[in-house]
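Use the sequences and the hints to build the structure in full.
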Amino acid sequence: MPRVNDPGTLRLALVGICAGLLSGLLGVGGGVIIVPLLVLWLGWNQRSAQATSLAAVFIIASYGVVAFGLHGEVRPVTAALIGLPALAGVVFGTRLAAKLHSDTLGILFGLFQVTVAIVMFAG
Amino acid sequence: MNVLWIILAGGAAGVLSGLFGVGGGAIFVPALVLLFGFEQTTAEGTSLLAMIPVAGLGAWVQHKSGLVQVRSAATVGLVAGLGVVVGAVVANHLPEITLRRIFAVFLVIMAGQLLLRSNKTRVERLNAESASGDGTV
Numbered sequence: 021m022p023r024v025n026d027p028g029t030l031r032l033a034l035v036g037i038c039a040g041l042l043s044g045l046l047g048v049g050g051g052v053i054i055v056p057l058l059v060l061w062l063g064w065n066q067r068s069a070q071a072t073s074l075a076a077v078f079i080i081a082s083y084g085v086v087a088f089g090l091h092g093e094v095r096p097v098t099a100a101l102i103g104l105p106a107l108a109g110v111v112f113g114t115r116l117a118a119k120l121h122s123d124t125l126g127i128l129f130g131l132f133q134v135t136v137a138i139v140m141f142a143g
Numbered sequence: 095m096n097v098l099w100i101i102l103a104g105g106a107a108g109v110l111s112g113l114f115g116v117g118g119g120a121i122f123v124p125a126l127v128l129l130f131g132f133e134q135t136t137a138e139g140t141s142l143l144a145m146i147p148v149a150g151l152g153a154w155v156q157h158k159s160g161l162v163q164v165r166s167a168a169t170v171g172l173v174a175g176l177g178v179v180v181g182a183v184v185a186n187h188l189p190e191i192t193l194r195r196i197f198a199v200f201l202v203i204m205a206g207q208l209l210l211r212s213n214k215t216r217v218e219r220l221n222a223e224s225a226s227g228d229g230t231v
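Keeping their order, the protein sequence lines are chains A and B.
Take the first sequence: its letter number 67 is residue 87 in the numbering used here, and every next letter is one higher.
Take the second sequence: its letter number 63 is residue 157 in the numbering used here, and every next letter is one higher.
It is worth saying that the hints were derived from the structure and are not from the lab.
We put the beta carbon where it would ideally sit given N, CA and C, even for glycine.
You may find that some hints are simply not true.
Below are the SDA-like pairs computed for lysine to any residue, each with C-alpha atoms no more than 20 Å apart in a straight line [stated by the list, open to error]: (1) LYS214(B) x PHE132(A); (2) LYS158(B) x VAL111(A); (3) LYS119(A) x ARG219(B); (4) LYS214(B) x VAL202(B); (5) LYS119(A) x LEU131(A); (6) LYS119(A) x TRP154(B); (7) LYS214(B) x ILE127(A); (8) LYS214(B) x HIS121(A); (9) LYS119(A) x ALA106(B); (10) LYS119(A) x TRP64(A); (11) LYS214(B) x ALA225(B); (12) LYS119(A) x ALA108(A); (13) LYS158(B) x ARG115(A); (14) LYS158(B) x PRO147(B); (15) LYS119(A) x ASN65(A); (16) LYS214(B) x LEU128(A).
Covered stretches of chain B (in silico footprint by chain A; criterion: 3 or more residues with CB under 8 Å from a CB of chain A, positions within the stretch not fixed) [to be verified]: (17) 157 to 169; (18) 174 to 180; (19) 192 to 200.
Structure below.
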């Protein structure tokens, strides 16, 4: 079990709080905030941060589905329609990521993050 | 026709998910709003369901490469439950556009730091490679 007084664990918990806040506020998975926080606060390399983020998003999205599902705001058939092609895409995407240097990934991620921020700001 | 676009959007979201370690909501949500006319909340709920298998498969593929820190992912994911509850309560009391803008600014600041750091590492790596005369990956 992780020790609570371990500074690494505390920082991870803070990352979790930030991701959960973003998810609860805006209904997203939180990956766009987990990855940079793992890199900047915990000094992880980009590749491990991204891989670990996906696993955390898997858990966080599950909470969201329960919360939104209780309000009848989940459409399973449409989720399958958009999610199935995404399954093919994610395998391709991970292979693509594996071919890139961690620093190249970091730069591409930063640009992606700025794009997301612009869309988010515009609403 | 919209079905074709939604399939394409799904594929693109998946590629971004694998490439960047995110869930894909940044594409799922606007795609559902623009192409299917979903309300924002329904788009978010549906997007979250769609990303569960996507993030799960992506994490599994990465785990087989030994890249997932399982205990850390569990810590982040479990603690996030608290954040989700707090976030949902706050979201009921503040206008969404305000929340979006706060987070957008936060994201841009982090992106700037990430870009600087990654660029520094990249320059160091390229210098080391050219010094050793080894241009291969």
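Okay, the hints, checked on the actual structure:
no.: 1; hint: LYS214(B) x PHE132(A); result: holds (18 Å)
no.: 2; hint: LYS158(B) x VAL111(A); result: holds (12 Å)
no.: 3; hint: LYS119(A) x ARG219(B); result: holds (16 Å)
no.: 4; hint: LYS214(B) x VAL202(B); result: holds (18 Å)
no.: 5; hint: LYS119(A) x LEU131(A); result: holds (18 Å)
no.: 6; hint: LYS119(A) x TRP154(B); result: holds (18 Å)
no.: 7; hint: LYS214(B) x ILE127(A); result: holds (10 Å)
no.: 8; hint: LYS214(B) x HIS121(A); result: holds (13 Å)
no.: 9; hint: LYS119(A) x ALA106(B); result: holds (18 Å)
no.: 10; hint: LYS119(A) x TRP64(A); result: holds (19 Å)
no.: 11; hint: LYS214(B) x ALA225(B); result: holds (16 Å)
no.: 12; hint: LYS119(A) x ALA108(A); result: holds (18 Å)
no.: 13; hint: LYS158(B) x ARG115(A); result: holds (12 Å)
no.: 14; hint: LYS158(B) x PRO147(B); result: holds (16 Å)
no.: 15; hint: LYS119(A) x ASN65(A); result: holds (15 Å)
no.: 16; hint: LYS214(B) x LEU128(A); result: holds (14 Å)
no.: 17; hint: 157 to 169; result: holds (count 11)
no.: 18; hint: 174 to 180; result: holds (count 7)
no.: 19; hint: 192 to 200; result: holds (count 7)
Violated hints: none; the structure is consistent with every hint.
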